[in-house]
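> Going down the list, the protein sequences come from chains A and B.
Under this note's numbering, the first sequence is numbered contiguously, ending at residue 379.
Under this note's numbering, the second sequence is numbered contiguously, ending at residue 379.
Derived by calculation from the structure, the hints in this document are not laboratory data.
Each hint should be verified, as a subset may be incorrect.
A pair holds if it fits inside one copy or across any two, identical chains being indistinguishable in the list.
Cut-off 30 Å, straight-line C-alpha distance, at most; resulting in silico cross-link-like pairs (DSSO-like, lysine-lysine) [stated by the list, open to error]:
| # | residue 1 | residue 2 |
| --- | --- | --- |
| 1 | Lys158 | Lys127 |
| 2 | Lys129 | Lys177 |
| 3 | Lys294 | Lys308 |
The structure presented is a predicted model; accordingly, all values stated were derived computationally and were not measured.
Protein chains: 2
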Amino acid sequence: MNFRNTRITELLKIKYPIIEGGMAWVGTSELAAAVSNAGGLGTIGSGSMDRQLLTQEIRKVKILTDKPFAVNIMLLNPHAPELVETVIEEKVPCVVFGAGNPATFLPALKKNGTVSMAVVSSENLAVRLERSGIDVIIGEGMESGGHIGEVTTMVLIPKLMDCLSIPIVAAGGIADGRAMAACFALGAQGVQMGTRFIASKECLVHEEFKNKIIKAGIRDTVITGQKLGHSARVIKTNFAKKVCQLELTCPEQAEEVLIGSLKRAVLDGDVQAGAFMAGQCSGLIENIEGVGDIMEKMIFQAEKIFCSGQEV
Amino acid sequence: MNFRNTRITELLKIKYPIIEGGMAWVGTSELAAAVSNAGGLGTIGSGSMDRQLLTQEIRKVKILTDKPFAVNIMLLNPHAPELVETVIEEKVPCVVFGAGNPATFLPALKKNGTVSMAVVSSENLAVRLERSGIDVIIGEGMESGGHIGEVTTMVLIPKLMDCLSIPIVAAGGIADGRAMAACFALGAQGVQMGTRFIASKECLVHEEFKNKIIKAGIRDTVITGQKLGHSARVIKTNFAKKVCQLELTCPEQAEEVLIGSLKRAVLDGDVQAGAFMAGQCSGLIENIEGVGDIMEKMIFQAEKIFCSGQEV
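One chain only, chain A, in its complex shape (with noise of 0.2 Å):
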């Protein structure tokens, strides 16, 4: 097994096969820019971003990088299809599309040679996307952090690899090398880490927000959203809870009181009203560590096991 050369590598340029989640707020120009220098792929998570907002990442990231990066567009966001024409003037080398169908956007995208990928959380999407041109799909699982479907990595690799022909990189999960050779073993040419990425030195979230994974146990994330039609995986604090139990009684003030959470998690640590967006792999993350230690561990890690047959 090959960990360092792969459809995924070739096909982005990259050094290594790890791609960094999209994550609104959390995905900011510095941490896009430092996981592309370390030899992964960033990504700029333009979340509720507009034009302009994002042109300005952008043009960061060209200052703080000459290695490529990627666009994170949530196609919820009703700037998307400005935001992909922004991603086609500034020559981004890839985007990556999420919450819906991209098809409409993809032969302009090919046309200027910008790699496109999509995060699905089941089949039916990536094979219809595989017939209108997408280059890869991202299989994320539902032990992901942040916006989720029902399937885990586990059965949800194995599903696409039966149904598609094109590249899968899995998502989901995955914090080390071990859940990137298992990711291998079920077909995947790359990883995608939300988590992992944020408990980074370079991530510039509010220090809670590192504090939380460090802490969390594999038991300490719960799903909010489930009775509003948006799950989203998060740490399991007391406005979780109380998120939880409020889709119960009085949805619309569950509603309500997601509104702007992440970005008080993110920018403020906001324990009484941020959402904590993270994964069931915070139980297996200890330390803060660089983005390149994080990636270098890990290929090493999947080699081993696949050389040995030893966990290391």
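Start from chain A and add chain B according to the hints.
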């Protein structure tokens, strides 16, 4: 990576490190003997059996195979203490505990030479049980069928590896050699499967149960009992959806309709009132095969992945 000689095959004296999950009503003497004869560890799912019934089943297995087999004991069953005595008297090679803490039974089992295993959904109980002298921990991810916890296989197995020295078996989401290879990469020395063995020629469940698994997609299961404190993954039938609704509006009625629902699915294929317990990997299973073929293909596929790095 060695898929044929592991700490599990050595300890249990079996050919393949593949264990039949403990399944009430499904794990009959016939299926257990078939799995053991084919080189795995067959398991009698004692469910709510009493001493007399279990003794009968054990003696039937002994007639059908001379290979090692296991008895699964649900600690919620009020007959559990006498079932442990039965296992000891009948010199059953292995016992698997579920739904509770079996610490008090371990000294007697050890004295008898019975290998003891316990199914866990988090590391806390596992750590306590290792101290109490359990021989093997089976970590079961929430993608699994039947009674489940919250953590997925991808996260649970590495966490158990970080906390334990005894061998670990992975369960949840495993239907083929890809998942087997992945679980070994995570550190497991064996795998446990339930759903895959239900969809086997030798399994005696109603044909409707097997059909439901074959037809299911990866998103066609649902978790019942979440609000009742006993989460169980089942095929998403109208009955299952009704139970989920009732949990919110009338929990007592939900409890009531669940009584006997597994039995109705297994014996009668009752789609109106039966709970077809099955895992997310139902969506990866496409045909009924013999248990021997299932296991041999798995080992072959897992070996090939570690050999060539190519998914087969």
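> Now tell me, hint by hint, if it's right for this structure.
Hints versus structure:
Taking identical chains as interchangeable, the C-alpha atoms of Lys158 and Lys127 lie at most 30 Å apart only when both belong to the same chain, with a minimum of 14 Å there against 70 Å between chains. In this assembly of identical chains, Lys129 and Lys177 lie within 30 Å of each other by CA distance solely inside one copy; the values are 21 Å within and 64 Å between copies. In the homo-oligomer, the alpha carbons of Lys294 and Lys308 lie at most 30 Å apart both inside one protomer (13 Å) and across protomers (14 Å), since each shortest distance falls under that limit.
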